[in-house]
Amino acid sequence: MGELDAVYVLWLRDLKRYLRAKSRVFGSIGMPFFFLAFFSLGFRRVEFPGVEIDYVSFISPGIAAMVVLFTGVFSGVSVVWDRQFGFLREIMVSPASRFSIALGRALGGATTAFVQGLIMVAVSMLIGFRPAGNNLLLFPVLLFLTALTFTSIGIAISTVMRDIHGFQIVVNFFVFPIFFLSGALFPLSELPSFVEALAMLNPLTYSVDALRWSTTGYAFFNPILSIAVIFLSCFLFLLLSSFLFSRTEVE
Amino acid sequence: MSVVVKNLVKVFGNIVAVDSINFSVEKGEIFGLLGPNGAGKTTTMKILCTLLKPTSGDAFVEGYSVRRDPKKVREKLGVVFQESTLDIELTVFENLDLHGRLYGMGINERRSRIDELLELVNLEDYRNVQVKKLSGGMKRKLEVIRGIMHSPDILILDEPTLGLDAATRRTIWRHIEEISEDVTIILSTHYMEEAEKLCDRVAVMRNGKIVALDSPQSLKERIGEEIIVLSFESSDINVERLKAVSDGLTGLATHISLNGNAIEIHVKSASAVLPEVMEVLRTLRDVNVKGVEIRKPTLEDVFITLSGDSTSGDEHGGT
Ligand SMILES: Nc1ncnc2c1ncn2[C@@H]1O[C@H](COP(=O)(O)OP(=O)(O)OP(=O)(O)O)[C@@H](O)[C@H]1O
Ligand SMILES: [Mg+2]
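Chains P and H, in that order, are what the protein sequence lines are.
Just so we're aligned, residue 1 is where the first sequence starts under our numbering, counting upward by one.
Just so we're aligned, residue 1 is where the second sequence starts under our numbering, counting upward by one.
Chain P on its own, in the form it takes in the complex:
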């Protein structure tokens, strides 16, 4: 059978479920929206040394990254729901390879996270964000790859979770630290050096930086480096998640 068919149906299924659950659209944008609204109000007159752009432009790409981080991880972890509701068994006894299943699931989750991220960008534009520059077309590509990375991480996490109750732990001890350590809200240079070192290990840091660069031209790292890290971590986490996924028993 065509493995591509399997990837496609699983992707399509995620999309259908997404379009059917309106509450998901608002649900996952709500918190990032308040971050955006209150931080850009509160810090609108703040100037960070060495940062040449205004705060709304600084934070908006970071908030888009926040949306794909949260939505992506959540989509990935929701494999646990499929396990609890039994649907995972239907897929796992089909002839589709485990790799195709994980890939289809990751692409589906990444697509919904990506769409949510774009909606967030539109919302940012309503409050004054003006993306510009010659590299704008890279923005959607980088946003999608970031979504794919974090959906894969979510899937990897789901393979070690017994039930959905662990999700709160994932949010508090994984998703939030990743977010705060990414330089989405303030420049990394403001952090003490050991925290900055931690941030350098965080894949989201490079996503935030590259997304900011593609929409405003301002970057902390060399954009080539950030883009390389984005591609590499996407590839690695995709592999990791399908590897872990292929080893799980589904009872």
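Where hints are given, some of them may not hold.
Below, in silico cross-link-like pairs of lysine to aspartate or glutamate (DMTMM-like), each with a Cα-Cα straight-line distance of 20 Å or less [claimed, not checked]:
#, chain 1, residue 1, chain 2, residue 2
1, H, K72, P, E3
2, H, K71, P, E249
3, H, K76, P, D82
4, P, K16, H, D97
5, H, K139, P, D82
6, H, K53, P, E249
7, H, K71, P, E196
8, H, K133, P, D82
9, H, K71, P, E3
10, H, K76, P, E3
11, P, K22, H, E89
12, H, K72, P, D5
13, P, K16, H, D69
I should point out that these hints are in silico values taken from the structure, not numbers from a laboratory.
Fit chain H with the ligands to the given chain P structure using the hints.
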């Protein structure tokens, strides 16, 4: 042989769910797995469909090992699980269509097969309804037709007719019989009538082991040709009296058990043993026999005899 199970063991923590079982199923055969709750039927089936890995031993589907070639095994199978595996957010059609695609069916084939199967179980009107809006039995119907949709070589059905109304159950039986010429079917059920009607052979499991494996007919013969049922006033019957009857009939009955207010005696020939039974009853004073009935054993009798189902109260039954 379509399916071969060899020394299969599955251990969960300290529970031995499947305890070194062996059986094989021929092409075109309908093979029943019976046994009380927790006997290990579902675990066996989950190993066969590669969801669980055996702790030791192996199983082969069309020659492919579930350990070494799980993907090849899955290509041969259609599975209906005991618990729902539908996507309740999707519609009836979407669930079936997704399944068809996963199994590499082309679009025209999918369409015509979906129409045919929805009609079979009277779900045509629910084609575009989300699964979460269906009744429990409707979901079960959908689950069953989805399992057979891609016309697999081997079907694994874990309590397929669970929760279905009598008419639908019959429809499913008829369909299973129709397709069974070319399809090997392994099914578990708690409906003895179903097993008796459909299965060429059945294995009775208990505590992870197979305690009997034969055709329903031979199994029935094994527990005796006839059963004498003696019914009593409820106050008259107790374990001591059962024991007295049992002792008095040593060598004449294959199995004696208590079932509510009745004692059931499995015998070769009721007419030959009945005088002895009456004799024994005479020795028990203050006992009023309300009725004597002689009947042929059913698969249910076999099941209760073999599986020691606690609700039958036969813990005291002799042999
Ligand atoms: N995932 C699991 N973890 C731990 N124990 C399990 C698991 N699945 C099954 N068991 C145990 O294995 C034994 C066999 O269970 P199984 O589901 O195979 O029984 P069954 O014959 O299908 O019963 P039923 O008729 O109730 O469906 C039971 O004791 C059960 O508690
Ligand atoms: Mg079961």
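How the hints compare with the structure:
1. K72/H - E3/P: holds (14 Å)
2. K71/H - E249/P: holds (14 Å)
3. K76/H - D82/P: violated (24 Å)
4. K16/P - D97/H: holds (13 Å)
5. K139/H - D82/P: Since the Cα atoms of K139/H and D82/P sit roughly 17 Å apart, the hinted pair holds (cutoff 20 Å).
6. K53/H - E249/P: holds (7 Å)
7. K71/H - E196/P: Given pair K71/H, E196/P is violated - Cα atoms ~46 Å apart, limit 20 Å.
8. K133/H - D82/P: holds (18 Å)
9. K71/H - E3/P: holds (12 Å)
10. K76/H - E3/P: With Cα atoms ~16 Å apart, K76/H and E3/P stay inside 20 Å; holds.
11. K22/P - E89/H: holds (13 Å)
12. K72/H - D5/P: holds (18 Å)
13. K16/P - D69/H: Roughly 33 Å between the alpha carbons, so the hint for K16/P and D69/H is violated.
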